[in-house]
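Engineer: Take the given structure of chain D and dock chain B to it, following the hints.
Protein chains: 2
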Amino acid sequence: MNIENYMQTLGRRAKEAARILSQTETNHKNRALIAIANALQDKQADLIDENKKDLIAGKANGLDDAALDRLTLTPKGIRAMIDGLIQVASLSDPVGEITDLSYRPSGIQVGQMRVPLGVIGIIYESRPNVTIDAAALCLKSGNACILRGGSEAIHSNQAIAACIAEGLREAEFPAAAVQIVETTDRAAVGELITMKEFVDVIVPRGGKSLIERISKEATIPVIKHLDGICHVYIDDKADINKAIRIAVNAKTHRYGVCNAMETLLVAESIAPTVLPLLAEQYRAKEVELRGCAKTCSLLIDCIRATETDWQTEYLAPILSIKIVSGIDEAINHIHQYSSQHTEAIVTEDYTLARRFLREVDSSSVMVNASTRFADGFEYGLGAEIGISTDKLHARGPVGLKGLTSLKYIVLGDGHIRQ
Amino acid sequence: MNIENYMQTLGRRAKEAARILSQTETNHKNRALIAIANALQDKQADLIDENKKDLIAGKANGLDDAALDRLTLTPKGIRAMIDGLIQVASLSDPVGEITDLSYRPSGIQVGQMRVPLGVIGIIYESRPNVTIDAAALCLKSGNACILRGGSEAIHSNQAIAACIAEGLREAEFPAAAVQIVETTDRAAVGELITMKEFVDVIVPRGGKSLIERISKEATIPVIKHLDGICHVYIDDKADINKAIRIAVNAKTHRYGVCNAMETLLVAESIAPTVLPLLAEQYRAKEVELRGCAKTCSLLIDCIRATETDWQTEYLAPILSIKIVSGIDEAINHIHQYSSQHTEAIVTEDYTLARRFLREVDSSSVMVNASTRFADGFEYGLGAEIGISTDKLHARGPVGLKGLTSLKYIVLGDGHIRQ
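The listed protein sequences derive, respectively, from chains D and B. First residue of the first sequence: 1, per our numbering; consecutive thereafter. First residue of the second sequence: 1, per our numbering; consecutive thereafter.
Hints may be right or wrong, so weigh each one.
It does not matter which identical chain is meant; a pair holds if it fits inside one copy or across any two.
Said to hold, decoys possible - Subject to a maximum C-alpha distance of 30 Å in a straight line, what follows is the list of computed DSS-like cross-link-like pairs (lysine-lysine):
no., residue 1, residue 2
1, 196, 208
2, 15, 216
3, 294, 237
4, 237, 285
5, 216, 196
6, 242, 294
7, 216, 401
8, 52, 242
9, 76, 52
10, 43, 294
11, 15, 242
Hints in this document: simulated from the structure, not taken from any laboratory.
Same shape as in the complex, but just chain D (with noise of 0.2 Å):
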């Protein structure tokens, strides 16, 4: 096969699928959705069975069982998929709003309607649920979407790749408005992320080596997160019990993900109070916990931190904690080692709180809540295909209409200019 004239095939017929699609109503979208969600419920048994061969694969290539278990598709898993789509059918459509439409002085009607982008490139690990999160979003936002998941998920992802297909021919989709790349051959990804002509944007989706590589090669823009290293301050003007439960929240409720705290910063004179506290806490949860000078000799389990620790994102039940002088101090920490993703303040007081929130430089900064929240669901966009901590075009949680963009509308009477 060659690769480079597959992937322009790819690019070429998603092309003239977006067209169609940014004109489709929403309930023929959601047909569309609802008939994939069905194909999914009837092939359930292939679905598992085609997981398996990628599994016993995965095994044979060493994949650890943190990978596998990503890979792994389950009856609980393929149900989620298929809550999913129903979600997404449910919410509304953002593809032809129209917002601010209002008479300029000389005459003419001003606003702005809410279009698809065009042809997205989604490409992310073995996660074959990532697959119909991806085209659900897609489809829903009247975008083409060509998807490129990991090798090890390929006989997986081709088994829900059938299903989209069907569900697509049922609600008489053109085919190409999902289009789900067959090889594994990583020279693929490469052309995907060059089709200037063919794609608007690219979502990678995965760890922060296969982002920083799509990053750095992709000529076409990147909506992307790299790391979460959460920060959450305690002022010493906090509310002790709010503080204790928002940095156990942020810290232990999940581990695993970008919106968990990394570094936690407490304000000096209500350090003594506040971290035996809370160190008793991630005690009983097995959190490691690595500090300045200040707090080691506050907690007696607690090793020293070094530099490379507020640069890193654990991902583990292991936190950072520095103690600082009080806001601008916890400021200039966060400027110079947060990735930008979520920070939170602890804190009663007025003035700071409004500080904190203006000028900390973060896709989501919080008052007095658990920097968990910094998630698509919980800011009701409804889903969402990922976080971005760039700046440009969506920042944050990007949902629906982070798929999109604003076209301005002019509607005159014969209006010219003079």
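Structural biologist: What follows is chain B alone, placed relative to chain D:
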């Protein structure tokens, strides 16, 4: 001078200044804008003297009349720059604006706060007024900027830079809020568009070749428009008077602008009525007409358009004309040849107007209005830094909001994720 070191130094300083600028109050920013306006007023004679040096060198180097015209600073031009600064000062500040703050089922309150992008690099040709326009918009939107003007305008730009520096000093702003590249070495541009660690976005202003080169070489996102091949479609349900007004205005109001019509599409059944009337007006204004075979059979002084004509942004008193069977052929022609800048339909038909608005994928889509309205001032943005024909981030005229991003803010009361 080591260009790389020099540019890195500008970049580092800009990034530091950006952090301060992002927190600066509106009144303070406005004071700086007015102080720059005052400095321009005081230094008017110097500006004109320095500009003369550029004009003399430009003539010696064989710049054509149009280029010399763009390079010339007149008292009227300086007045326009001063008025521009005052106008930007009067615009409302987008930074810090909070929208869509609403309660979620979990009890947290989620909204979005508008924030500056950071550091903006602007690359433009030899039009000194762009230096002030760009600096004003970046300052007001809380961004630091690095400006790189055409080498032919180096003396003028440095004189303007001195006024900006004086205004910033006067208003106690960091000097690095606006930095003007002082070397004409082209390597400076290469460095500016690849300094990812310091620069957040590049805005090129100028001809197509400049913008193409920068888009190709930049590793930083670029907000750009390449060209404006704009279409007007006169539908067979058009009001003839409106059609003529609009088609004449769109072509002849100004020729060298990106929102001028370059191709006129006319429905077959109305063509024999409308085209001769239109041709008369174009003839009076010495507009050269190039048409399809059918057009040429209706208009004796029309020459045959070639395939190249449909692909050309004339920026001149030349118009290509095509007779189409109806809206489908019109939209298909636009889909094939438009640069996705601005297209207009002239019709009294409700359904076709709605279809055109929805189906034409351009940054501005109009009904019964001249394409010349595609402009930041006309749209009420107050000022514009350019027009984007990209779909990501900003589309159409880019004003203050286009130089900002939205971060999520979350307000809680000790809320944790369940």
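Engineer: Taking the hints in turn, state whether each one holds.
Structural biologist: Hint-by-hint comparison with the structure:
{"no.": "1", "hint": "196 to 208", "result": "both (24 Å within a copy, 18 Å between copies)"}
{"no.": "2", "hint": "15 to 216", "result": "both (24 Å within a copy, 22 Å between copies)"}
{"no.": "3", "hint": "294 to 237", "result": "within (20 Å within a copy, 79 Å between copies)"}
{"no.": "4", "hint": "237 to 285", "result": "within (27 Å within a copy, 73 Å between copies)"}
{"no.": "5", "hint": "216 to 196", "result": "both (15 Å within a copy, 11 Å between copies)"}
{"no.": "6", "hint": "242 to 294", "result": "within (23 Å within a copy, 77 Å between copies)"}
{"no.": "7", "hint": "216 to 401", "result": "both (25 Å within a copy, 28 Å between copies)"}
{"no.": "8", "hint": "52 to 242", "result": "neither (46 Å within a copy, 67 Å between copies)"}
{"no.": "9", "hint": "76 to 52", "result": "within (15 Å within a copy, 76 Å between copies)"}
{"no.": "10", "hint": "43 to 294", "result": "neither (59 Å within a copy, 57 Å between copies)"}
{"no.": "11", "hint": "15 to 242", "result": "neither (51 Å within a copy, 35 Å between copies)"}
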